[in-house]
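So the chains spell out like this:
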Amino acid sequence: MALLEVQDLHTRFRTDDGVVKAVSGVSFELDRGKTLGVVGESGSGKSVTFLTVMGLVDRKIAEVEGSVRYDGEELLRASSSRLQKIRGRRIGMIFQDPMTSLNPVKKIGWQLEEAVRLHNDVSRDEARRRAIQALQEVEIPRAETRVDDYPHQFSGGMRQRVMIAMALINQPEVIIADEPTTALDVTTQAQILRLMKKLQDDHGAAIVMITHDLGVVAELADDVLVMYGGRVVEEAKVDDLFAAPQMPYTWGLLGSLPRLEQVATRLEQIPGQPPSLLHPPRGCAFNPRCAYVFDKCRAELPGLDPAPDKADHRYRCHLDDAERERIWAAKKAALTGVEGSAA
Amino acid sequence: MSELLVVEDLQKYFPVTRGLVFQKEIAQVKAVDGVSFTVEAGETLGVVGESGCGKSTMARCVARLLEPTGGKIIFDGRDITHLGRTQMRPIRRDMMMVFQDPYASLNARKRVGEIVAEPLDVHGIGTDKDRKRRVQELLEIVGLNPEHYNRFPHEFSGGQRQRIGIARALAINPKLIICDEPVSALDVSVQAQILNLLKDLQRDFDLTYIFIAHDLNVVRHVSDRVMVMYLGKPVETGSKQELYAEPKHPYSGALLSAVPIADPTLGRARKQIVLTGDVPSPINPPAACRFHPRCPRFVDGKCNVDEPELTPVAGSSDHSYACHFPLERWPMDEDEIRRRPSLAASVD
Amino acid sequence: MTQYLIRRIFWAFFLFVVATMITYVIFFVVPADPATLAAGKATKPEIVAHIRRELHLNLPIYQQYWLFVWNLVRHGSFGYSFVNGLPVRTMLGQEIPVTASIVVGGVVMYLAIAIPTGVISALRPRSILDRSGMIFVLVGISAPSVWIGLILIYLVGFRLGWTPIGDYCNLKPTHAIGVCSGPGQWAYHLLLPWITLAVGSAALYTRLIRANVMETMSEDYVRTARAKGASPSRVLVQHVLRNSMLQVVTILGMDLGLLLGGVVFIEIVFGMPGLGAQLVQAAPRFDLPVIVGIVLFATLSVITFNFLVDVLYAWLDPRIRLA
Ligand SMILES: Nc1ncnc2c1ncn2[C@@H]1O[C@H](COP(=O)(O)OP(=O)(O)OP(=O)(O)O)[C@@H](O)[C@H]1O
Ligand SMILES: Nc1ncnc2c1ncn2[C@@H]1O[C@H](COP(=O)(O)OP(=O)(O)OP(=O)(O)O)[C@@H](O)[C@H]1O
Ligand code: SF4
Ligand SMILES: [Mg+2]
Ligand SMILES: [Mg+2]
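Protein chains in written order, with this note's numbering: chain A, 11 to 353; chain B, 109 to 456; chain C, 622 to 944.
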């Protein structure tokens with residue numbers, strides 16, 4: 011049994027303009043010690059999926075369906091006091107913007123101690139000791155004095171370290187990191203990613219790494235979910251996904267990426283815009299932007315089906331296998347810079 | 109090729125003041141502190157560096173939206189460093205800017221047609237009818253529907269707004285377009301659209317670009333030459349091929365190796381240098397080599413005493429770096445970069 | 622901190638000069654002769670001239686101003702009323718407690734109403750409580766406070782006879798016969814003025830607090846707190862309240878000036894012998910020392926109050942530690 015099992019998760023927001031289908035039927039599993047990468051463009055439902063898993067979407071405005079089982083326990087129907095016991099203790103979360111994710115009027119130490127004392131019956135001193143230790147673990151210099159600083163006295167990278175320390179302080183089994191490095195500079199991003207890898211090696215936590223950067227996924231993930239329009243459109247082991255992506259949106263994502271190591275003179279672009287989740291297109295959500303669209307795509311939603319030779323590589327696309335293989339072969343040649351075929 | 113823009117030792121200091129009634133200058137932010145470069149007509153100069161290193165300030169000085177504190181800017185053979193508003197007017201026709209934030213940089217109360225026609229209005233070009241025709245032509249060029257003429261910016265997505273900004277910059281056939289992080293706020297698929305558009309336009313209209321970004325992949329994709337900045341100073345400049353294949357400055361190296369590679373096999377195989385610490389404040393920048401507190405090659409008594417000059421790489425026409433202990437090969441990992449050959453020879 | 626204090630004191634001094642000077646200039650510009658007024662009906666020219674000399678009204682305006690400043694600094698004296706010759710300090714000494722009682726009580730009352738209502742309606746948007754709160758806000762904001770005062774006097778004070786309609790009783794108990802005093806009587810008599818003063822502001826602050834709490838609830842750090850496993854009440858108390866009070870405190874500081882204006886009306890409507898009522902009496906008689914005294918006191922209280930607000934703000938928000 012996987013540690014975290016999500017089955018057919020739906021999250022719909024009631025808004026003044028209508029119902030926003032932010033997440034439509036997402037399923038995945040996460041095992042202990044593994045890293046799941048979740049990629050997709052802005053608005054594809056990455057954050058909402060995991061906020062729903064954590065029970066952090068406001069049920070007054072959102073309708074939630076499906077099943078989220080953590081260690082065998084159903085979370086969607088758990089009481090709020092039960093969820094409070096799981097959040098921060100069994101599942102930790104790190105958010106995108108380190109500048110706004112810490113309370114500006116409370117000391118760093120106070121915020122870390124709060125996380126400790128919410129889940130452990132320990133004294134102030136003990137909580138403080140653990141807070142300092144957590145800061146040391148995320149490599150904050152002079153942790154003993156810095157605990158008494160306020161967030162604004164820390165740089166962005168340091169605040170993100172504090173967020174990581176806070177998510178880790180109770181040694182949770184799962185850490186959900188929602189774009190933890192998007193707001194940071196590359197060199198700081200490299201520090202944070204390395205730190206997360208190290209901490210995972212030390213503590214064996216499972217990580218969900220939400221990002222729109224395929225590079226980050228390639229570096230960190232074991233398995234990858236590609237999301238589009240509130241659905242998973244492709245799911246695979248990281249090597250398989252990059253070696254042989256199976257559907258047009260993933261091809262487009264890989265092709266539109268300027269890369270250091272490859273020399274295509276022109277980027278492949280996906281025309282148009284991501285779909286509206288208020289009025290999603292009929293059939294395959296990608297069909298208005300897809301270069302290979304045909305009638306069936308506009309009528310019928312493709313299922314998340316496994317590839318013929320790999321049961322754990324699944325994708326949504328109506329194209330038949332031969333066709334897909336042919337297209338990817340041509341694209342791959344263009345991508346890896348066989349000059350001439352690039353343009 | 110001829111030099112379109114020559115910038116020499118450009119400086120821009122912002123005063124840090126205190127006090128309500130009597131403003132006292134207590135410090136200076138040395139946002140740009142001695143930047144020199146040239147841009148040839150028809151090429152793209154990419155500028156990379158981390159947040160706060162002075163890229164935008166440099167761009168704004170070059171476009172003379174800010175008054176430089178020191179140095180010299182020669183555009184198209186003319187010294188424009190201290191020209192006044194009216195003297196700058198004719199020059200502004202040849203020099204346009206595209207900004208990062210496609211939401212904030214367009215006036216929300218104006219129609220797309222008016223926004224794009226703005227430079228034509230300002231410079232009094234053409235009759236109303238000519239202008240309208242030109243605007244529709246421009247919308248078409250940047251891949252928007254000419255029927256969008258009467259819409260408002262909020263009806264467009266980020267990528268489309270960036271196209272509007274580009275159409276505006278193109279309106280009077282400028283020679284130089286300064287793009288300040290034009291794709292940083294966009295999703296990859298939309299980013300690719302804009303990058304391709306910029307490339308097409310350059311080819312079709314002989315444009316020269318200064319392209320600012322913090323994404324090294326993007327800069328490499330669009331640029332001919334690249335300048336790497338750190339805390340207000342260039343640390344390395346060179347042709348794209350040389351700089352990316354053989355960076356000389358430890359900071360360029362760290363920057364290059366920090367970029368995540370979208371390929372698990374290559375990613376696992378690569379050598380990486382992870383810097384420690386954060387970029388220091390430009391208010392009291394570190395002495396001598398500004399990179400020294402974070403540099404893996406730091407030598408006490410040298411790097412924090414002697415400021416390294418931009419030094420040309422032997423056998424290369426325009427590749428230069430500012431470092432006492434340049435990298436002797438690439439790639440390197442952290443242990444390799446810490447070993448400095450000829451150390452004794454370098455410290456006099 | 623010292624930097625801040627020096628700036629504050631400098632600023633206070635500046636305001637003092639500006640406020641008093643403006644009062645003098647207005648007084649000078651308005652064509653009126655307090656000496657004539659003070660002399661009353663029997664206006665023999667010699668008497669008027671004598672009074673004029675007595676009151677230094679024969680001196681040029683700048684000398685009068687200088688005299689005023691000199692007396693204030695040297696003797697701590699505000700001068701003597703042109704009208705009744707009493708020391709202005711004594712007059713103010715009697716009137717300040719009245720005005721202060723009204724203002725402080727009013728502020729306490731509206732905060733006591735606005736904070737809980739605002740917070741609860743923010744937590745339960747669109748609930749019945751929220752909606753009725755908003756109706757109250759609409760009424761409170763659109764109705765002028767004088768009108769509310771009059772309605773209250775008529776309904777509660779006159780028709781129902783529940784409360785006194787006017788008069789001020791001292792907070793400190795005295796045993797003089799026929800003089801009402803003591804905290805109970807004090808509050809009882811002030812009830813209607815307080816309500817009148819509080820209604821409008823309570824409505825405004827309810828709306829302000831509701832908006833601020835809602836905004837704070839959607840902040841990232843509140844989500845962080847929930848992700849840590851904090852209970853809703855803990856999130857509210859530890860993370861939302863202090864942050865959402867920041868703006869309220871700022872507005873509170875700016876509001877005091879307005880509030881002093883409102884007090885003038887309330888004192889008249891309820892016949893309270895406070896600074897406002899005195900000002901209204903002194904102004905048409907051109908009783909300059911009294912007017913200046915009141916202006917000065919008002920300025921001083923605004924300055925002090927702003928200072929307190931700054932200190933409170935700095936305590937609430939570590940980013941603004943007084944630099
Ligand atoms: N509270 C809400 N009410 C209504 N719609 C919402 C709400 N929260 C999210 N949405 C919508 O749900 C969709 C998915 O949002 P989500 O934040 O999950 O995207 P994302 O993939 O995380 O994107 P990003 O990369 O920008 O973070 C978006 O279209 C968003 O507008
Ligand atoms: N008007 C100003 N007054 C004072 N300081 C300024 C001003 N504009 C910029 N600075 C400072 O100058 C430095 C350089 O800023 P600049 O905006 O040029 O950086 P940048 O490289 O463009 O960064 P980013 O990648 O974040 O856009 C920063 O430390 C900034 O805080
Ligand atoms: S199903 Fe059709 S529209 Fe969707 S990705 Fe495949 S080919 Fe394109
Ligand atoms: Mg998100
Ligand atoms: Mg910038």
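By construction, these hints were calculated from the structure, which means they are not laboratory data. Just so it is clear, the structure is predicted and the values come from calculations on it, not from any experiment. Be aware that one or more of the hints could be misleading.
[What the hints assert, rightly or not] Once the Cα atoms are required to be at most 20 Å apart in a straight line, the calculated DMTMM-like pairs of lysine to aspartate or glutamate come out as: (1) A:Lys247 with A:Asp27; (2) A:Lys116 with A:Glu136; (3) A:Lys208 with B:Asp441; (4) A:Lys116 with C:Asp938; (5) A:Lys116 with C:Asp751; (6) A:Lys207 with B:Asp441; (7) B:Lys307 with B:Glu245; (8) A:Lys116 with C:Glu840; (9) A:Lys342 with A:Asp212; (10) A:Lys70 with C:Glu836; (11) B:Lys379 with B:Glu289; (12) A:Lys116 with C:Asp841; (13) B:Lys218 with B:Asp202; (14) A:Lys208 with B:Glu442.
[Said to hold, decoys possible] The following residues of chain C were derived to be distant from chain A, with all beta-carbon distances above 10 Å: (15) Val650; (16) Ile668; (17) His671; (18) Glu675; (19) Val694; (20) Leu781; (21) Tyr809; (22) Tyr842; (23) Gly850; (24) Leu933; (25) Leu937.
For glycine and all other residues, C-beta sits at the position ideal for the given N, C-alpha and C.
Worksheet item: Is it true that the CA of A:Lys116 sits at most 20 Å from the CA of C:Asp751?
Response: violated (30 Å)
Fill in: Verdict on C:His671 as a residue remote from chain A, using beta-carbon distances over 10 Å
holds (64 Å)
Discussion item. Can you confirm whether the C-alpha distance between A:Lys342 and A:Asp212 stays at or below 20 Å?
Written reply: violated (37 Å)
Fill in: Holds or violated: B:Lys218 to B:Asp202, with C-alpha atoms at most 20 Å apart
violated (24 Å)
Item to complete: Measure nothing beyond the straight line between the CA atoms of A:Lys116 and C:Asp938; if it is 20 Å or shorter, mark the hint as holding.
Response: holds (9 Å)
Discussion item. Please verify that the nearest CB of chain A lies beyond 10 Å from C:Val694's CB.
Written reply: holds (42 Å)
Discussion item. Please verify whether A:Lys116 and C:Glu840 have alpha carbons no more than 20 Å apart.
Written reply: Holds, because 14 Å separates the two Cα atoms, which is no more than 20 Å.
Item to complete: Measure nothing beyond the straight line between the CA atoms of A:Lys116 and A:Glu136; if it is 20 Å or shorter, mark the hint as holding.
Response: It holds: about 19 Å lies between the C-alpha atoms, which stays within 20 Å.
Worksheet entry | Hinted pair A:Lys208 and B:Asp441, Cα distance within 20 Å | Roughly 18 Å between the alpha carbons, so the hint for A:Lys208 and B:Asp441 holds.
Worksheet entry | Beyond 10 Å from each Cβ of chain A, as asserted for C:Glu675 | holds (59 Å)
Practice prompt. Quickly compare the C-alpha distance for B:Lys379 and B:Glu289 to 20 Å and report which way the hint goes.
Written response: Not OK: B:Lys379 and B:Glu289 at ~28 Å, beyond 20 Å, violated.
Practice prompt. Please settle this one: C:Leu781 was flagged as non-interface, so is its CB more than 10 Å from every CB on chain A?
Written response: holds (42 Å)
Hints 1, 5, 9, 11, 13, 22, 23 and 25, counting from the list given before, are not met by this structure.
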